[in-house]
Structure formats: C-alpha cells, structure tokens
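Heads up: the protein sequence lines correspond to chains G and X, in order.
Numbering follows this note's numbering, with no gaps: position 395 of the first sequence is 395.
Numbering follows this note's numbering, with no gaps: position 524 of the second sequence is 524.
Simulated from the structure, these hints should not be mistaken for lab results.
Check the hints yourself; a few may be wrong.
Said to hold, decoys possible - Only pairs whose alpha carbons sit at most 27 Å apart, straight line, appear in this in silico DSS-like list of lysine-lysine: (1) K356(G) to K337(G); (2) K112(G) to K301(X); (3) K529(G) to K41(X); (4) K301(X) to K331(X); (5) K299(X) to K112(G); (6) K130(G) to K180(X); (7) K112(G) to K313(X); (8) K301(G) to K112(X); (9) K112(G) to K112(X).
Number of protein chains: 2
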Amino acid sequence: MDKNKTSVSQYLLYRLQEFGSKHMFGVCGDFLLGFINQIYKSPVTMINCCNELNAGYAADGYARINGLGAVTTTFTVGELSAINAIAGSYAEQVPVVMIAGSPELRHARANKMLHHTLGDYSIAREMFRKITVACERLDDPLHAPQQIDMALSRCLYYKKPIYFELPADMVTAKCAKPGKFLSIVKTSNPDALAEALSESLHLLKQAKKPIIILGMEIIRHGLQDIVKKFIEKSGFPYCTFVTGKTTLSEDHPQFIGCYKGGWSREYVAEVVDSSDCILLLGGFFIDSDTGGFTAHLEKSKLIQANFEQTNIKNHTYSEIMLSDYIKGLTKAVSAGKLPSGLIPAKTALKDQSKVKVTSGKKLTVKHFFKRVASFLNEEDIVIAEVGDCLYSMAGTLLPKNTTFISQSFYNSIGYTVGAALGTSFSKKRRTILFVGDGSFQLTAQEISTMLRYDLKPIIFLLNNQGYAIERAIHDGPYNDLQPWRYHLIPQALGGEAGINVHTEGELESALKVAENAKKLTFIEINVDKYDFGDTLRLAGSAMAESSKNSYD
Amino acid sequence: MDKNKTSVSQYLLYRLQEFGSKHMFGVCGDFLLGFINQIYKSPVTMINCCNELNAGYAADGYARINGLGAVTTTFTVGELSAINAIAGSYAEQVPVVMIAGSPELRHARANKMLHHTLGDYSIAREMFRKITVACERLDDPLHAPQQIDMALSRCLYYKKPIYFELPADMVTAKCAKPGKFLSIVKTSNPDALAEALSESLHLLKQAKKPIIILGMEIIRHGLQDIVKKFIEKSGFPYCTFVTGKTTLSEDHPQFIGCYKGGWSREYVAEVVDSSDCILLLGGFFIDSDTGGFTAHLEKSKLIQANFEQTNIKNHTYSEIMLSDYIKGLTKAVSAGKLPSGLIPAKTALKDQSKVKVTSGKKLTVKHFFKRVASFLNEEDIVIAEVGDCLYSMAGTLLPKNTTFISQSFYNSIGYTVGAALGTSFSKKRRTILFVGDGSFQLTAQEISTMLRYDLKPIIFLLNNQGYAIERAIHDGPYNDLQPWRYHLIPQALGGEAGINVHTEGELESALKVAENAKKLTFIEINVDKYDFGDTLRLAGSAMAESSKNSYD
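My request is simple: use the sequences and hints to build the entire structure.
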C-alpha cells in the first residue's frame, strides 16, 4: 500500500479519535461489517450496544464529557432507529458523528430491492439532513477526506451532529492521509462588538442589582473559564438555567442557585425578579429553563448574549462571537465585589447534608434526594432523567467539579440510560445515574452493555410506579406501568441482582455498598405512587394548565 | 354538544375501529395526554407499550392480522423513536396509521422553544412524509374529517402507512360526524387488460411446464381467494416467495414449497428453473425473496403481474389491476390438472413430523426446528425473526390456515417481539414467536406489555450466543453478545421465569408446558455458537461474497 495513502474508513476513524472520540458506539449489521472490522484495526474502540437508539444516546453522553461522540449503524433499519437520539443531540447542541454503513454503490446505482432499503436509497440520508449541520455520502475516495474534514469542522464549531453514509465498498477504498485540519474560525465584527460592549457596560454600570444567568451554550462551547474570569472580576452574583447547571462549581461564592422562573427556590426568584439588569450568557427561552415560560425576564432590562449574536433590549447585534463579547466585558468592567447580604447557594443549601435517618421509616422522594446529595463526590458525573429525578436534582447543590447531565430541553425519556453508558468510560470519574421507572422501561437493556464492558456506574432507579410527571399533569390508567422487578434486571442481563430499597435504613446500607463497589451498582428506590418532589408538582400543574384545552 | 358534531379525535378513532384497528399501541407523553384520554372514552382500546419503536412494530403485526394498525406517540421525541417501524411498514406494505400528538397551535405559530421540539415544528412531519402515502396535520376542525378520510382511503388502498399530527388543542375541537366513507376504487384500462390477458394466456397455453410464484402483494391486498380459484382451475403447480409464505394453506396439493432462488430446496429450484413460463403474481425482485438474487427468472419466460401493472417479458402494461388480471386469467384459462409426477410440499416434507428424541442429547438448530414443526397447530400465527429463525421456518411446512409473519424484506432486527405483541390480541389464535438472542436484545422489554395485558404468546428464544447471521457473513468479536439469562427476563419484568432448555428431553417437557399454558410461555433454546441451519449458512456465504470488497 502506498505509504501516503490510507483508507476512507481509517481516515474517518483517525479524525474521530483526534478530536476526542476514542470509542464508537453502535450495533453490528451486514452493510456495516466491513467498517466495524476496520474499527477493530484502528485506535478507536468499538462498543457494541443492544440497540441503535441507546447507542445514539451513549454517543451523546460520551460527547458531553469528551468533546465528540460517534455512533455507527447499518443502513436505514439501523440508522432510523437511532434518529431520535441524533435529533436530541441537535436540539441540545451536542457534537455527535453518525455513520451509517450502506450497500455497495453498484446496488445503489441500480436501485436494487435489497433488504434494509426502501427502494429509494436516499430516504434516510435526507431525513438526517434536517437534524445535522453536515450530511455527506462518502462515495468518492478522492473527495472523502475533504468531505470528512469539512463536516467535522462544522460539527466541532456548531456543536451539533453530522452524518456520514459510508457505502460498503468505500470502507477500504484508498484516499489521502489526514493532513492539517482546518477548524472554522469566525471573528466578530469589531465595530458591532465595540458598540455592543459599550452599550452593555453602560447598562451594567447603571444597574443597582445586576444578575448573570448562564444558559446551555457556555458549557457546550467550552467557555467556562472565560465566564469565570468575568464573574469574578465583576463581582456580580450569578445563577444558571437548568441547561447551564454545573457550568462552574456550585460552591462558587457568587452562585445563588438554579433559576427556573416561577419554579425557582424563592430566594433565587426574588434576586432575579428584583434585578434591574439581567445578563443572560449563552441562554435561550426554553420552557424547561424558564419554569414553563413563567420567568419574568423583561426585555427592557435584558442583555442576551449568544454564540454568534447579542440582543440588548429589543435590538440585535449580529456577527458577535460570545467569547469575544465576554472577554470584552471582562476587560472593561470595573472590578467589583459581591453585594453584601447576598446569600450564595452554598450557604443557603448547607443544611442539605443534614439528614436524619430513621431506620424502618418508609422512603420518600424528599428524603432520598436530600440524603443522596451528600453521597455525591467531587468530580462525579451526575445524570438525571427527565421527571422527578431532573426536577429534584436541579435544586440540589452539587460538589465541586461535578458535571450535571440531563436532556432538559429535548426531554426524550430513556435518554439517560444510554447517556450513562457513554459517560461511564471516564475512568477517573464516577457516573451516578438517577432514572425513573417509566423512563427506564424504554431503554433498560443498555445496562447489559455496561456489564459487558465492566463499567461501574451507580444507578438509582426511582420506582414511583408510573409516569409521575404525566400523573402530575393529568392522571389516568395510561400513567401506570407493568410492575417490573427492576432490581432483578441486571441479573437477567448476565450480572448480579441489584439492591431493593424501601426504607431509610436500607438506603444507608445500599449507599455503603455503592461507595465500596468495584462493579456496577443498581439500587431500586421504592416510593409511593403519588410522592412527588415540590418542583415536579409545580411543573405538572403548569403543564396541565397550558394543555387544558385538550381534555373534556 | 350538537348531536351532529363529534370531536376530531373521536372522528379519527371511529374511523380506525371501523376499518379494523380496535386497539391503539403507543407510549404516553405530555402533548398526547388529551388524545390518550379520548381513546379511553372511545371504542378503541389503548395498549401502553414500553417504548415507541416497539409500539410501532406492534401496530405493524396487528395490521397484518386485522387489516389496519395504529400507533400513537408524543411529538418528535416519541414519533422519531417509532419512525423505523413505520419505514418498515412502508417497505413491507402494511397499513399502519401513525398519530403524533403535538403542542397546541399557538405554540407552533410562535415557534416557541418548547421541550420535545426542535424549534422548527415541521421537522418530524417532513421526515414521515417520505415514508407514508399521506401525511396530514389536523390543524383545522372544518377540514379534519376530509383529511382523515382521504388519508385513510390511501392507507387502505395502497396498504402503506399514513401519518397524522394532532395538535393538543385540536383533540376536542368539534367537527362533523363520520359520514359515508369513500374508498379508492381504480379500474383497469379494458383494452390494456384484454391485450395483456390474451398475450399471457397464449404463453401459458404454449408452455409445457408453467409455474406460479406468489409474492407479497397477494396477502397484502387480500387476493388469496381469487388466486386460489385461478390456481385450482388451471392445475398449475405453485410455490411462494418467503414474503408470500402461507398465502394459501401449505397443505394445498399444488403447492411445491418456498422458492428462494439458489437457496431453495433442490426439488423446488429444479421445478422453477426448468419451467418454460413463470407467472409471478404480486412479487418483486427482492434479494431476500430471490436467494440474494440467485434466482434465474429470465425475462424471456416471465410474466410478472403486480398491483397496478403487468410486465410480460420486456414490456409493460400499466393501468391493470392485479385482481382484474387474475380474475380474467381464471375465466379464460383451460381447466387443467396437476402434472403427473409432481411432488407437492406436503408429500415431500411429510417426514418433518418424524423426529427421534434422545433425552439427554444436546439440542441442535436442526432438531429444534424439525421438532417444533409438529408442535404447530392449524390457525397458529407463526412469527419468525430475521436470522436463523426466518431461514429455518421458511423451509418448514406449516399447518392449514396458519399465518406466517416475518419482516423478510426490510429485515429490521427486533421487529418480531413488537409484532408478536400486536398479533397476540387475536383471541382465538395462538401466536408462536421464534426470535434469536441478538434480535431479542433490541426490543426485549416488550415482553412486559404482553404480561401487562395478560397475553399468551409462546416465545422460543433461540440462544446461539451472538448474531449468527453476521457470523455467517464475517465473524469477529462484534458478533458476540453480553450473555443474558434470557429465561429470567419475564421474571424481571413482573412475570414468572421462563424455561431453560439445553437438551432434546428438556424441549419435550417445555413443549408440554407450552401446550397447556394459560399464560405467556417463554422458552430459551440453547444451541452451539456456530450451529447454523443450512439456509443461514448459504445466505451468509452469499452475503459475504457480495460485500467482500469491504474487508481487507
């Protein structure tokens, strides 16, 4: 083989691991065998999942920790099973590379009625085009390197998924070796930037009670350090949206908590509502970030700086990069101190670790989440499924350097089981998963893959006997579930049975086991059917109100 | 309420049950709660599934037995998880109605960043448009009845899926009550029909060894009786493609077996290959129907009659309806008798019921499928998953009036677990499912829904420790699976443990239990890792050959 050449598949795999994706999640399939074979010969480790949706979720969770994730499936039947995961990555801004192995080009050219196809070979690809920032068919080895690099540069710049179709006969086709990778670099319009900074600084200077809110883009675009410098120089208090939770360590003295509009802790709502200048960095007006649109973030006092544009009150500055904007603010803002009397979250919530345990007492949702708060360690990856797990954890103060993961915008239930598989490859950090019974039933089999690769997440399965969040909106028999013996699932999947917990005392024993475990720990937490956390109850009523027209 | 009015949701539900869909499969979700609430007030029974893909598969299986199936999910996150099932129904020509509950129209009009959405509210709908024959958003109660009827008439005519988006505030919006339903009726062009019939009859008359092959369209369009009359009057021998298996009862004296090109039983291949006039009714040149394109169906001796057109040799007659064509042939063909010496399948395969059992002997794939053939009863619904289950069952002669179901064209593994859920609602017929371990891992949780609704399928889980079909193509560690304790799955899902079978004797006991069971029976069949049925071995080599360019 020409030493200046490589193959299309090895080129792609080289680039993936170069940018952080050292594992590939996927499900084997016949048009894909050649590519999977090549993965085993590459620096990328193949992780064989139970199904494609879960593999997609795993790639998403992996990308949130490692900067890039990848998933591979066979044509149509495989990729369409994963498409919801990729749509989730698109909505939540997660850089995931989807690779579908397709039939040899000669079949596609003849439009042969081959299994796994729909006659028209472009259908699945054109679906993916709608939820990716690049969608390429690698059907020419001469151009494949350029296609791969261009697509990947968009993935890394926009932090959104891309799609490759890899025909079986292109897997080993020869192409140029990887050269210098050209990243996308956009610069701010200097005049627009200067004007926006000047106006912003004027407003912030005038303000008596400025507050910063951090949204999802700060984490996604890796701007945590830049934001931290600005916060610390300015002395302004800050809070986060749910999507921005753990942007910075939550013990930060300027952090007052998680802001969720009308669903916030009273003090946080008070500080934000009484502010005369709100600086929203990297955030959007998503219902789940604004307490179902109950947030009163009036435009007259709002500066909203996003990835490529800044809005002040009712006008927009485009061509402003968020990093330039924050750096500019940091440079020009007067050094300030935290206002006296302000209560940081770490002070307000310091009693969350004080939990009284009564051995035989039946567990409640409140006790569980309060108790588990002090079980968490620094550096943990904490994953919370949509529902009471998310609502309860969003209000919990997390230890230093934890990473909080939840699909709190897209809300595809079952996501976290796959995501926890993806994050569990972080060797030095524990993955702690909180998942409800209803969500777990969608994707439960992926516990199998954790067992297969000897991963060691700690899984808390909150069994409240149904879709609690739906019950809180509108209850009916459709919110009931078949009562699984959840703790027996790991055993049926080839591991050992989990721990079944009903009382406060049993929880203490289970936490001890988890703390010392050298393998996956699965703990079923049994609570009452109508035992909701406070935020879930609030959210449910609000959602019921907003959809009341659909009942009679 | 105006007694001449109903609601959009009740209109839709009325039409669904009118055409056979008395059950609705789906997963609860917040934009869908209003609609699900209405289902509970309607003649349609809601079946709450574990996840949306499985619900889609269930609707497909249900439709194959009942003439129409329906599945409902919430917006985007739910529907995209089901899209692969709907694509499967599109490929395999199964009439399934997909209903996605979407946010209230006021949110859509404002393009609000609501959870479950992608900002652009049309993305999922436009994906479904590619794999449905009608795709409607029910956003106006005045037009909804017409939209529903037009879409449903296309679904029932083409036997392909349709899609409805139902905004939450349209669920109870008032509309006209259902009136007379206008089905699509197309008539043949009489001149084209006469010409095609005349040419066909001439060829059939000249032929010394005519043979009929039945493809998937006969079952799909309910033409079994019409075809039976033609076959019996003509006296021609016939075989079926895999997609046409059990079009007529397999004990028919003119039935010689399943034709699969080069993978056929020797005698069947011989009869077809030596024929001088092949009449293919309702069939397509699908790889899985033609033994991976190894069938020698030369155009010079081929008449291919499909749903709306007939091809003779190299020319095409359009505007000919298959039913008119077959009826025309029946009327004009001379009454004939089965050629002497021809060996019907029921004679050739009569020894399949003679199985010698050696109690302690380790089970093999061959013994299992041979033994199980005589376990099957008349009227059974036999479902075989892609892989060795499909290959082995395709060659098994099934009892009178059995229905054979497999996704043998689209080949989405895991399909059958959902499909068996759907068919199990047939109260008078047993559902017998044959599924491999690899496929089962994708959709295993739907056993839960069978338990929840007290359904009684008999499930044979063929545990050959991996993706046998992929092993037969190209083996590697990616064909291994996490070793589940499959028989413990029903127990973990809230039922009782299944039966674990390793020997011929244990199989006998298990079959006895199954025969007398009043509830779901789950039997794990353990065989060796490289123990393949003959057809699987053949198919694997052929597929390996056709994709050899992807390995190095």
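So, going through the hints one by one against the coordinates:
1. Among the hinted pairs, K356(G) with K337(G) is inconsistent with the structure: their alpha-carbon atoms are about 37 Å apart, more than 27 Å.
2. Proximity of K112(G) to K301(X) is assessed by CA-CA distance (about 21 Å); at most 27 Å being required, the pair is judged to hold.
3. Between K529(G) and K41(X), the direct Cα distance comes to roughly 24 Å. Compliance with the 27 Å bound is thereby established for this hinted pair.
4. At roughly 22 Å between alpha-carbon atoms, K301(X) and K331(X) fall within 27 Å of each other, so this suggested pair holds.
5. A C-alpha spacing of about 16 Å is found between K299(X) and K112(G), which places the hinted pair at or below 27 Å, so the restraint holds.
6. A hinted pair counts as satisfied when its Cα atoms are at most 27 Å apart, and K130(G) with K180(X) does not qualify at roughly 39 Å.
7. For the suggested pair K112(G) and K313(X), the alpha carbons sit about 19 Å apart, so the restraint of at most 27 Å is met.
8. For the hint linking K301(G) to K112(X), the alpha-carbon distance of about 21 Å falls within 27 Å, and the restraint holds.
9. The straight-line distance between the Cα atoms of K112(G) and K112(X) is roughly 43 Å, outside the 27 Å bound, and the hint therefore fails.
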